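S.K.: As you go down the protein sequences, you meet chains A and B in turn.
So that you can map any letter, position 244 of the first sequence is 1164 in my numbering, and since no number is skipped, the others follow by simple counting.
So that you can map any letter, position 483 of the second sequence is 487 in my numbering, and since no number is skipped, the others follow by simple counting.
No lab work stands behind these hints: they were computed from the structure.
Hints may contain errors.
Claimed, not checked - Label-pair distances were calculated between CB atoms; the ranges are:
(1) R1035(A) <-> G55(B): 51 to 57 Å
(2) P132(B) <-> E1212(A): 43 to 49 Å
(3) E328(B) <-> P1218(A): 48 to 54 Å
(4) R1035(A) <-> Q56(B): 27 to 33 Å
(5) Q257(B) <-> S1289(A): 43 to 49 Å
(6) F458(B) <-> A923(A): 27 to 33 Å
(7) L1264(A) <-> Y537(B): 50 to 56 Å
(8) P1286(A) <-> Q257(B): 23 to 29 Å
(9) L523(B) <-> S1289(A): 39 to 45 Å
(10) A258(B) <-> S1289(A): 24 to 30 Å
(11) L523(B) <-> S1277(A): 35 to 41 Å
Said to hold, decoys possible - One-sided excerpt, in silico: chain A residues whose CB lies under 7 Å from chain B:
(12) L981
(13) G1002
(14) Y1083
(15) A1307
(16) V1314
These numbers were taken from a predicted model, which means no experiment stands behind them.
All residues carry an ideal CB built from backbone N, CA and C; glycine is no exception.
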Amino acid sequence: MEASVLFMAFTFGIHIVLVNLGIAFSTLVPYLKWRGEKSGDSGLVKVSRELMRFYAATYALGGVFGTAFTVFLLSFYPGFIGFAGHLLLIPFGISAVFIIIHFFSIAAYWYGWERLNVRLHNLIGIVLALSAYLIPLGFRATFAFLNIPQGLRFLDADGYKAYLDLAEALGNPTFLPLYLKSLVGALTAGLLAVSGSYAYRVLRRGHMEEAWRRLIENTLPWAMLGLAAMAALGFWYAISLSGVEYKFNNIFGGLGWSVGSGIIYHDYSWLFLVKMALVAIQVLAIAYVFHEKITGAPELSERSLKLLVLAGSAGLMTIVMGEYLNAFSQYPYFVADITDPAVLSSIPEPLQPTLASILDLTRTNPLASGRGLLALTIGAMGALLVAALFFLYVLLYGKEREG
Amino acid sequence: MSIVTQWLGYPAAYDRILSMIGIEVHWAILQYVLGLPFMAFIAELLYLKTGQAKWLRLAKTLAKGFILVFAVGAATGTASEFGLVILWPNLLEAAGRYIYFPLYAEIFAFIMEVIFIYLLWYGWGRLPRRVHAIIALLAFLGAWYSAAMIISVNSYMVAPTGIHAAYDPYAGWKYGGGYPKIELYVPGTVLKVLDVDKLVSLGMELQGMDGSGAWVLMPVSIVRQLADEAWQGYRVQDSILRSVLKPEYAEDQAILQMPVKSLIDTILTATIKKIGIYTVTFKSPVYLGSLLHALGSGLTVSGFTVLAAYILRMVRMPSSASEEYRDYVRSAYRFAAVFSLIIIALQGTVFGHELGTAVAMYNPEKFAAMEGTSTQLSLNLAKLLGAEKLMPLIAYGDLNAKLPVYDDIPGNYCALPGISLGFSCRPPLIIHYLYYSKIILGTLLGLYALLVVFFLWRRGEPPTVLAKLGLAAPIFAQLVSFLGWATREIGRKPWTIYGVMTVDTAHTVNPPSISEAVLVASFFIMVLAALTYLVWRLLWIPGREGV
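One chain only, chain A, in its complex shape (with noise of 0.2 Å):
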């Protein structure tokens, strides 16, 4: 595989893990907050601050590793950004909206903390939430323009006139179920990284906290449900993708369930294996904790607090694969179904040749494709990721010094 999709992989892994963290801490935090507000319940609302506290600190991480991801594609595929740049007005321009309100929620929700009137303070807790929710929608739009190009037309016969017909476009099948997984995966993953988090921080203490154990104990359920929402919205993407050929069967092929010609490109079953394992470890943990709970243990156990820490880091990798699975079994496509013939024949001939190519992850810019800027790449990277751990390092465990 080229160095340049797995540059874009490791960005894109990065933002992905950060931003589906994003969409959680958006939820809980303005929950959390009304919820211990309301019950009295200070502990709650000094958890939810620290997350708070958290979330402000890396949103620009993931927006930085989102910008790095973009900056990758158009200098490694520069045709298919001029080609895309023509026809995502709407979906870019969704995203870009609410990427800014959400930033002005984050600032004004951080900063108007006890400074602002509580009624006004929740009212921008759910402006949090909800941008949140609505910034994946033009960029789950694009993904599952990605997987069927429909709503795409031409002006002319030459086709280089391309734009995007928005009401075909919004009804791709896969679009859907692939925005609610996104979201519900992103909230089910947050809320068993936030446990993980905790319990780790009480093995590390040697002691629990009342907020802590109900934030835990509260929590569990909510991720189960999700879990259980994830199968069922992981069946319907399945069943959606099942009118591309090369991608489903690259996905499933190899578990023996295919479609069309039944013809495996690249298996990436295993990738899907991996996955369903993590969700595996996620499910018997929590599992776990609930069969200690019910059999009536007063206290969480070091066993159930390390098996938390387990499944909370499984959730976030379970984001990860996911995304991989589905960027991977398109490879080395752009777009995943441009290799049905019919999607092919309803391209302008002349425009055929040309689509192809920018639509080809093998072909990279030939001016980016030098060891230099490979060893430069993978230097910068490494030395900066050394800086980012340095920097969550003294985050999470810094202590303070006199001075």
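Please arrange chain B on chain A, whose structure you already have, making use of the hints.
M.R.: Chain B in isolation, oriented as in the chain A frame:
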């Protein structure tokens, strides 16, 4: 035709305005991203040297402002990036294909910025003082590194590497010789099918040959036409290239069916490889001046904004304020005043001069519009200020040199004979007023800073009226910065990349409707208003005594 009508007359007016608003919002925020961390670093060094808590307090306040604007900048930067992709996709494709490296290298700048900015904030009290000072250094270097990258791309758009201007300060315009021209390396595989004599008759100059191709100077009228054809999806058979094919290839279907874009790609790829894939944009003749001027702009805006913030604190100083707080505010005020004076002096006399002379040399059409050397202007500010006679000395180092005359620029110099573009190749004259307004306001700001520092030096503090005048300084500093940026960007029209690609070629084939453009523009303006409010609240309230 009025100067506004002229400016709106270039293609894609609404989308240009929309981009202008979006990018200006981002640019206004970037001023603080460039300036505040540097000021925070200096304040932290003062703290390290003196051990006085007031400098630490100042550094923390500046860093807090910096973090806030950085996060907003990240959000508006993302929105601007998406805006560029969806409004000017062909420009983005060309940039990604040929001059991608600075954008690519900026990835690391972004990551560096975000890590060290947060380390700067969250590391306070958690890291040793000296380590923290190094973090502060890396935080501002991250922002400057980012600027160095993006400015190189923008410089390439103002004056691409290899541009040969159409003006000589003694001989005048050189349009008769086919100028402006741009250096290209044409590989032998392409050269062998082209009728070089015909191309020479169209103004191309052969500079030299090597084993694999030839360096040529190509008139921008040809380059513009080919770029347009390439992004319109032309094939050689429909292109002007057909008329310069050697007779033996004139009916060769393999060549006639070839997309113009493929052929252009071969030439541009070879040219970029010869010049340097990683260095091409940094070799733009206006790069050094542009970078210094952009950094200077950020430092100037930040300096005057901090100055105004501390004037406000002095004005609203509670009578019960402690001596410690009073000393902190006075010191911060002095620091900002001296800082602003030094920076604005450098900005005007060194950085601005460096950029101005480069523009005069390499983008003379724009320089002519900046100086307003046209009878179409009823009010010429250069004449009014008496700068007209001095400008040849400033721009070319010789009083006997002549300024380029705007009215002598052919309206169709960027088009091939017989091809009608539907717009003029002359730059918009509106930039004369933008540029001179910038000069006048910048000079006034400089004089203000000089007076304040003078009174601080002689009397310990300036008169109250003079100090209060400084409350308006950030608005004027931002206005000066905006006018400079607008001169740069608007003055490049009708080009998007001077000598290579005009705005019509760069533009999307699916532009937004006017209502969509107005909606997005309003949204960006609201963002700027909200940001202004937040900065006010966050720089003012936490700094008050007891808060």
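S.K.: Honestly, do L1264(A) and Y537(B) meet the 50 to 56 Å range at C-beta?
M.R.: holds, 53 Å
S.K.: Would you say the C-beta atoms of A258(B) and S1289(A) sit inside 24 to 30 Å of each other?
M.R.: With a Cβ separation near 26 Å, A258(B) and S1289(A) satisfy 24 to 30 Å, so the hint holds.
S.K.: Assuming the hint says 43 to 49 Å, is it satisfied by the Cβ distance from Q257(B) to S1289(A) or not?
M.R.: Hint violated: Cβ distance 31 Å, outside 43 to 49 Å.
S.K.: Under the criterion of a CB-CB separation shorter than 7 Å, is L981(A) in contact with chain B as hinted?
M.R.: holds, 5 Å
S.K.: A range of 48 to 54 Å was offered for this pair. Does it hold for the Cβ distance of E328(B) and P1218(A)?
M.R.: Roughly 53 Å apart at Cβ, these two residues keep to the hinted range, so it holds.
S.K.: Minimum Cβ distance from G1002(A) to chain B below 7 Å?
M.R.: holds, 3 Å
S.K.: In this structure, is the beta-carbon distance linking R1035(A) and Q56(B) contained in 27 to 33 Å?
M.R.: holds, 30 Å
S.K.: Using the nearest Cβ pair, does V1314(A) come within less than 7 Å of chain B?
M.R.: Holds. Min distance 5 Å.
S.K.: Does A1307(A) pass the interface hint, meaning its C-beta sits closer than 7 Å to a C-beta of chain B?
M.R.: holds, 5 Å
S.K.: Against chain B, run the beta carbon of Y1083(A) and see if the smallest gap drops under 7 Å.
M.R.: holds, 5 Å
S.K.: Using the Cβ atoms, figure out if R1035(A) sits within 51 to 57 Å of G55(B).
M.R.: This hint is violated: roughly 33 Å between Cβ atoms.
S.K.: Given a hinted range of 43 to 49 Å, is it respected by the beta-carbon distance of P132(B) and E1212(A)?
M.R.: Given range 43 to 49 Å: holds, Cβ gap about 44 Å.
Consistency with the previously given hints fails for numbers 1, 5, 6, ordered from lowest to highest.
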